Amino acid sequence: MTTDVTERALAVDVAISATELRQRYGDFEAVKGVSLAVRKGELFALLGTNGAGKTTTMEVLEGYRPATSGTVEVLGMDPYRKRRALSPRVGVMLQENGFLPDLTVAETVGLWRDLHAEPRSLDESLEMAGLADKAGVRIRQLSGGQKRRLDLVLSVIGRPEVLFLDEPTTGMDPEARRATWDLIRDLVKEGTTVLLTTHYLEEAEQLASRLAIMHKGEIQVEGTLEEVIARHGDRISFRLPAEIPLDDLPRIEGHSADIALAGGTPVVTYTITGGDQATRAHTALVPLLAWAGERGVALERLAVRTASLEDVFHSVVKETA
Amino acid sequence: MTDMAQAVRLARVDLTLVFRNRTALVNAVLLPLLIAGALASTDITGGTAGIPAAQYLMTGMMAFILIFATFMNLAGFYAGRREDLVLKRLLGGPASKAAILGGSALGATVVYLGQVVILCVLMAVVMDTGAPADVPLLLLGALLGAAFFSLLAMAVSGLSSTGEMAQIATLPVVLLLVGGSPVMLPQEILPETLRTPIEFLPMTPIVEIMRTAYLGLDYIGTSHEPLGLLERWSAALPSLGLLVAWIAVAALLARTFFRWDPRRG
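Going down the list, the sequences are from chains A and B. If you count by the numbering used here, then the first sequence holds residues 1 to 321, one letter each, in order. If you count by the numbering used here, then the second sequence holds residues 1001 to 1265, one letter each, in order.
So that you can see chain B by itself, here it is in the shape it has in the complex (with noise of 0.2 Å):
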């Protein structure tokens, strides 16, 4: 069997107990959907760089959300099944490293991109924006940003003893990547010395692939104007370089503090 046919298999068995967990389906699946769900329906007036407010939080919660299936969630159950040495027992089988650990950050990836559905629907239907620019584009981005939080997940249950613990070591990087970030509120708001730091941080790049890649328009300068489909690519590049680069610095993380046995030494 190869990788990816074990990763698919135990990605199935955790998607099986996200709806069998009760707090799993609260925290990763549900809360995420009552966050946006309830921006959606506040009646927002007025506009957020030459769009209606709402529209700009929306594709702004699209990347947002990765906190919770991808991250925090993710990160508990890495943490968690290391110390009920699930982990370990299944390492002892057949199946790869990088099958295990990429089945269940497939799993929650698969329940991450249905939330993005969701929203996607909310937004043309209820909402009236249309349906999305460059659907392609939107996909990168939600699944590099997929990657890179899985990533870090895998970092953070290592240094994590329990998987309650671990959700909660997530908090302070939550507040450091989101806080600063275009998810509510855009950067030409923000004083200059802010600015340029934020840009680089991880959240940014994916909020603005996802945001162009949405609406059209272009949310990765600050022109805001429309954009066609080789000009949405050519502007998201630096971007997507910039994530890549982070996926590999949470590659490395996870290397260097995921383990796979509760002993310590």
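Excised from the complex, chain A in its bound form (with noise of 0.2 Å):
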């Protein structure tokens, strides 16, 4: 009873949705049966390597093509068959830019402006793009950071609900990086649902509430910063002291060891999950402190690493190879 109130509560809420979403190119089938959910107000990050199917699954959210089988939903409607009504509701911002190379920075903002009912000005606009001195300068002389930066404001423009950005910040040097970071922190303040692709972890890191890892069409993971981090465990490990034999290493929280050859030299590795994310690397290494204690051994290059996005990352790419 309580689910069901709850679920129901929640589909009010989801801006851009995906269910069982599959995408075939002849005989390749591109995305492979995927769902997400993004809930109106949050910023939602697609990971994944090149070929993942992130900018495929983006398309179809976008209404570019429609899906193969499945559903998709942006604000309640099918976003191929309802270009029309979603457009003024939606902004797009695609992996490569499309810009008329001739126009001006103003010009391009100026037919964007008029295009829509209620734009920003164009003040406004050229500013947030950081180019209010560049107003006059053919669009072919930006830097590929900046004409990102104007696409990012380009799709902006008429104040949407719902923002997709496929990878904004490829080609930007750090700074500029920062830059447009704060620029879509402001837009997700704003109340814009943004759903955003990209290749550094970090962006997802500093801007998404839930982020979800792509890999060969299907979504391998997916949750929060914390839950991704957490499911995946904190890793202890050190090399397999000589004189103690496999059998003899002990359990911890529940934990067994997984043994690797690391240059010709036994490393054992144990993954603790569960538990209280801050206090559990500790927790775990009490006993097995002790143990070796016991045992009258030294725990050669011993090391702890709390699990971070990139290992992640790393490992949803080789368990799925």
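Don't read these hints as lab results, they were simulated from the structure. Computed from a predicted model, the values in this text were never measured in an experiment. A portion of the hints provided could be inaccurate.
Here are some chain B residues pointing at chain A (derived, C-beta under 7 Å) [said to hold, decoys possible]:
(1) 1013
(2) 1017
(3) 1086
(4) 1088
(5) 1089
(6) 1092
(7) 1093
(8) 1094
(9) 1259
Just so you know, even glycine gets a beta-carbon here, dropped at the ideal spot from N, CA and C.
Join these two chains into a complex; the hints should help.
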């Protein structure tokens, strides 16, 4: 009963959803049953390697192509069939810019303003793009990063409720990337729902309230940053002491050891999941060190690594390889 | 914003860009005027189909120059912008498909109509032919011709992988459509077996309507007699019908072959 009510409340709050989305190009299935739900007002990041199916998923949600199978909804509508109704409420920034290179910055902004019913002002747009002093410059003379930033501004000139950003900071230097993150944070503060794809894990860590990692056309991991990392667990590793037989290794907090060879030496790794994320590595170390003390061995190269998004990402790519 | 308002806005951008791109400026704007101007200034003696040859040629040119701005250049525009992802980017915004495609077609049509006006002035003033007899019929012929070639440009662009390839791909179509049409020479000089198929090609009704409208003489039939207003329009009706049918065919081809996305499949 309670779950039912919660689910219904969630459904009302969902701005973008995909259910069992499949997308096929000839014999190649680029997206193999993706389900996701982005709540109103949140920024959801879709991570993945090249060819993971991120852009294809985005293009179906943006209404560029119908889904081969499954259903997608944006603001409660089919984005492909209701493109006209949705387009004033949705902003799209593609992976590549698609500018008319011979127009000036101001002319480009002017065109997009005129196509919208209630656009942001020219000055505000130029300010957001960081191009206030470049209004009269031709697009072809802008740097890659400047073009990306301008493209982002074009996609929000009509103050969309839902914004799709496909790798928005590609080609930017670290300074420009930070400025762009600030811009995206401001948009989320204004209440914009954002679905963003990125190669940069830090971008997702900085911006996303929830994220998913896609690989080979499927979502492998999904949740808040904390959830994803917590599920992945902390790693405790050390060289297997020569005098200790394998089956003498203890179980720690219910986890057994994994053995891998590193440079000819067996290395023991415990993966500690669950529990309190802040203290679980410490909690696991206590019985391990006690065990080593009882056996009278020193644990060489003992290392404790708390999980990072990067660890999660690499293990997803490795495990589904 | 309505489709029409968006199309007009996008057409304005295209007109700006034609004048910033030297290749487009030469191919779409200057070249057709140069060709027509060269024809007008040559000393052609003698007559064609009952009128001075220069008049016959110039009225043919009014239809012929459709192939520059509204066909070759437009096909290159559409294909080039598809490959540069401009079309896809615009489609991600609030403009409708009709406004995006129609905007470029409208811009090209404005360029073409400007050229027709220049040719009319050349004829009226330099060649002393007088003003067009039937401006509405002339304009209707020009607009339907522009619609036909714009749709055909969309179809050709979809079959080409770059803007340059699209322009080249228009050439065989141009040869087929213009080659046998009465742009330069009357059909009467052709053998009977060729005459009938050529009468049904799309360029023929465009030329016939525009020539008849300008000169006020019957160049739809073979009489070349002066026609009154009602006679002109009733004589033009079959040609208008044929042209509308061709527009429907071109629309179907555009629908089948036009692509928004460079990605195949």
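Going down the list of hints, with the structure as the test:
A cut of 7 Å between beta carbons decides the hint on residue 1013 of chain B: the least distance to chain A is about 6 Å, and the hint holds. The interface hint given for residue 1017 of chain B holds, since its Cβ lies 6 Å from the closest Cβ of chain A, which is under the 7 Å cut-off. Hint status for residue 1086 of chain B relative to chain A: holds, with the closest Cβ pair at about 5 Å, below 7 Å. Taking 7 Å as the C-beta contact cut-off toward chain A, the hint placing residue 1088 of chain B at the interface holds, the least distance being around 6 Å.
Hint status for residue 1089 of chain B relative to chain A: holds, with the closest Cβ pair at about 3 Å, below 7 Å. With a cut of 7 Å, the hint placing residue 1092 of chain B at the interface with chain A holds, because the nearest CB-to-CB distance is about 3 Å. Below 7 Å, beta-carbon pairs count as interface contacts, and residue 1093 of chain B has one with chain A at about 6 Å; its hint therefore holds. Contact between residue 1094 of chain B and chain A, as hinted, is supported at the beta carbon level, the nearest pair being about 5 Å apart and thus within 7 Å.
Because the smallest distance between the Cβ of residue 1259 of chain B and any Cβ of chain A comes to about 12 Å, over 7 Å, the interface hint for this residue is violated.
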